[in-house]
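Enquirer: Chain A is fixed; fit chain B onto it per the hints.
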Amino acid sequence: MLKENLNGKEGQIRIPSGCAIAGLFSRSGKSVSGETIVNAMTVMHDRSNGLGGGFAGYGIYPQYKDLYALHVFYNNVSAKEECEKYIDKAFEVINLSRIPIRKTPRITDEPLIWRYFVAPHHNKLMDSQLDEDEYVVRAVIRINTSFDGSYVFSSGKNMGSFKAVGFPEDVGTFYRLDEYEGYCWTGHGRYPTNTPGWWGGAHPFSMLDYSIVHNGEISSYDANRRFIEMYGYKCTLLTDTEVITYIVDFLTRKQALTLTEVADIIAAPFWSTIESKPPKERERLTYLRNAFSSLLITGPFSILLGFSGGMMALNDRLKLRSMVVAEKGDMVYAASEEAAIRMMEPELDRIWSPMGGEPVIVTLEGGAEQCR
Amino acid sequence: MIIDAAGRDHRSLNEEIRKGDSDITINGCLGQRFIASGMDNVRILINGTPGNALGAYLDGADILVRGNAQDAAGDTMNEGRIVIYGNVGDAAGYAMRGGEIYIRGDAGYRAGIHMKAYSGKLPVMVVGGSCGSFLGEYQAGGMIIVLGLDKERPVVGNFCGTGMHGGRIYLRGDIEGLKLPKQVSCKKAGSDEMEVIEKYLVEFSQLFDVPYEKIADKEFHVLTPDTHNPYKQLYVQN
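As they're listed, the protein sequences go chains A and B.
Under this note's numbering, think of the first position of the first sequence as 1, with each following residue one higher.
Under this note's numbering, think of the first position of the second sequence as 1001, with each following residue one higher.
Chain B extracted, bound-state conformation:
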């Protein structure tokens, strides 16, 4: 089914998306919110600029955006995949607990904050460009991978991983100048750690037609919460 979104509000657009068709193309999308929120078993191609909360609470649907997405894409998603050929706004993948988000370009502030893994679910977000500040703030699980392709260093802003207590953040290439909170440890990714993300890098390479060798030509660092330096007595004496 092909839907022309020009001039439509989010309510009527989402009602049409929910009529049951399993393969949908939306043309002329311009700021309509909540597209495909909570949906499973549907494939949606979006041409244009979808509004905030794209694929919020997504439960298995597959979304492709030929353009940029706005704020809170994949908010609290549970399963499924969101592929964005451009950039994404702030708070992408906020509190996601499953599924995958692939972004060819940059992510704004607060990407992947409060991301968590749950009962066999492992959320993964791959950003091809760079990220703003507060990447993975309060991360509790899952994996965030930042490739920084053709970007200046460092590829993440300030306060990366603040409050992180689970999961991993992978950063490709030189991280000189990156300031991390003392509760986060950083080391070069070993072969075990690279093995875990290989399939996601391959997927990124295929989705966006970026040669895999280009992605693999630099070393990765991996950030994890430092179990020897927990958040004890950070706020109160206890």
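This is chain A alone, in the form it adopts within the complex:
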């Protein structure tokens, strides 16, 4: 729980976004420098206002690929000491360090930023009768709701989120992303509309290895929040992206649905569109809409979901935000603007705009294990 100590505003005030998102993915699992995604975000500078930028990289910690990488913001040393006592109790800490940063005058007032490579304590895990992922989720939620001045903003394996208040290109410099390599990167430039910008509120939002970058404004936020909180999640930030992350985690990890099914739930077609489908498809879509009606996300959004071994791009069903997808060889790119994609790769094999509600899902050719 970090919010009150930073500026006392996030979660309490609504201001009415243009945002920018971009992603890249190597189907063959090739390593790409974080610099590439930072450059793509630079082209879309005008879509953000300097109140938030962030990135998620996958395949970036091959040396600790079987450990959970916790990225944590601390407000002060005493918050860190308190939280570390808990981390030490819940986890075996294999490695810990400050996340290396490069000072820049454009990023200021940074909290303490630490990284822990951890595994759940064997005995504690057995006692809890939870699976490993659920154990970690509960620990993260515990820290983020009960430890004053501490906030876990990344908790996956062989991946990491990096975010701050500032323009995305400056955030990339700050976190030295040119020194990381991964097979997938997503990026976000923030133009906060409903909440003031702060470090924890920047995108991506992560839970385990899921990360979301989002451009939009979700009008169904409260309906979605009420539903998802019944399943143990806590939406503490009043930031709509947070609730999308939990919805994806709930539908895939707990309900074992496919990402296509997730898209058919959160960006469900209109009933009139469902009626025009062939009988089997109509039945499937009707079932999903009825079974998870509270998870329909309305309002404009374009999102990039990162996960171990894959990436999904999705627009709201009315396509109220822009999204362009392109391919070149084994690389897949997605961005709010074509210009950002051309910055990463000027010559493309194919470029198109997916329809509203039509997910574009890419995965590693060798499966997620390839880069584990």
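The reader is advised that the hints may include incorrect statements.
Straight-line C-alpha distance at most 25 Å; calculated DSS-like pairs for lysine-lysine [what the hints assert, rightly or not]:
#1 A:Lys277 - B:Lys1179
#2 A:Lys328 - B:Lys1151
#3 B:Lys1116 - B:Lys1179
#4 B:Lys1199 - B:Lys1188
#5 B:Lys1188 - B:Lys1214
#6 B:Lys1179 - A:Lys280
#7 B:Lys1116 - B:Lys1182
#8 A:Lys277 - B:Lys1182
#9 A:Lys277 - B:Lys1151
Simulated from the structure, these hints should not be mistaken for lab results.
Expert: Just chain B now, with coordinates in the frame of chain A:
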């Protein structure tokens, strides 16, 4: 004048465009917004990918894009011409009230929404490929022509012409499977109706080097608001 746009922001690029030269080529364009917005009496060739709101409020200038354009090209344009050799993003020609937009490829969602005609001005948008959903939503005037060259049918997405109350949408070729709101009527275009758009089809053919016979080889349908089925009592009892 030739301008290298690489690494430049939209402000400095647009300032240079406005220095008074009447024939400009922009090379290496990459996402700079508002190019030529509100301008008249200038011809601009753009190589690359211009940013959003290309030619917004255009007032007579002639823009050619060798590449794809992004969102909101020709937003609220009043006069002039925008020619795009590739595709265009969402909301092309949004609320335009005059001038012409020619797109060789596809248009995204919401092309030509809120298009209107005004006091002798007649906006026209011709799309060579297909269009996304909400084509001509709330159209009040002007003409949208979709050719669907080499495209699967139907060539427009869902909710075409929703809320339309003026103007015309022409669709070339088979429209089987196209769902229209009940306030929009659809019929085969007669010779009177084809005569009105002939010069724009000829222009398209010449601009993009597409044989006119290829465009004319299929019938057109024309969508107009159905005056016998107005929007009365759609929202409130009045």
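Enquirer: Run the structure past the numbered hints and jot down the numbers of the failing ones, going up.
Expert: none
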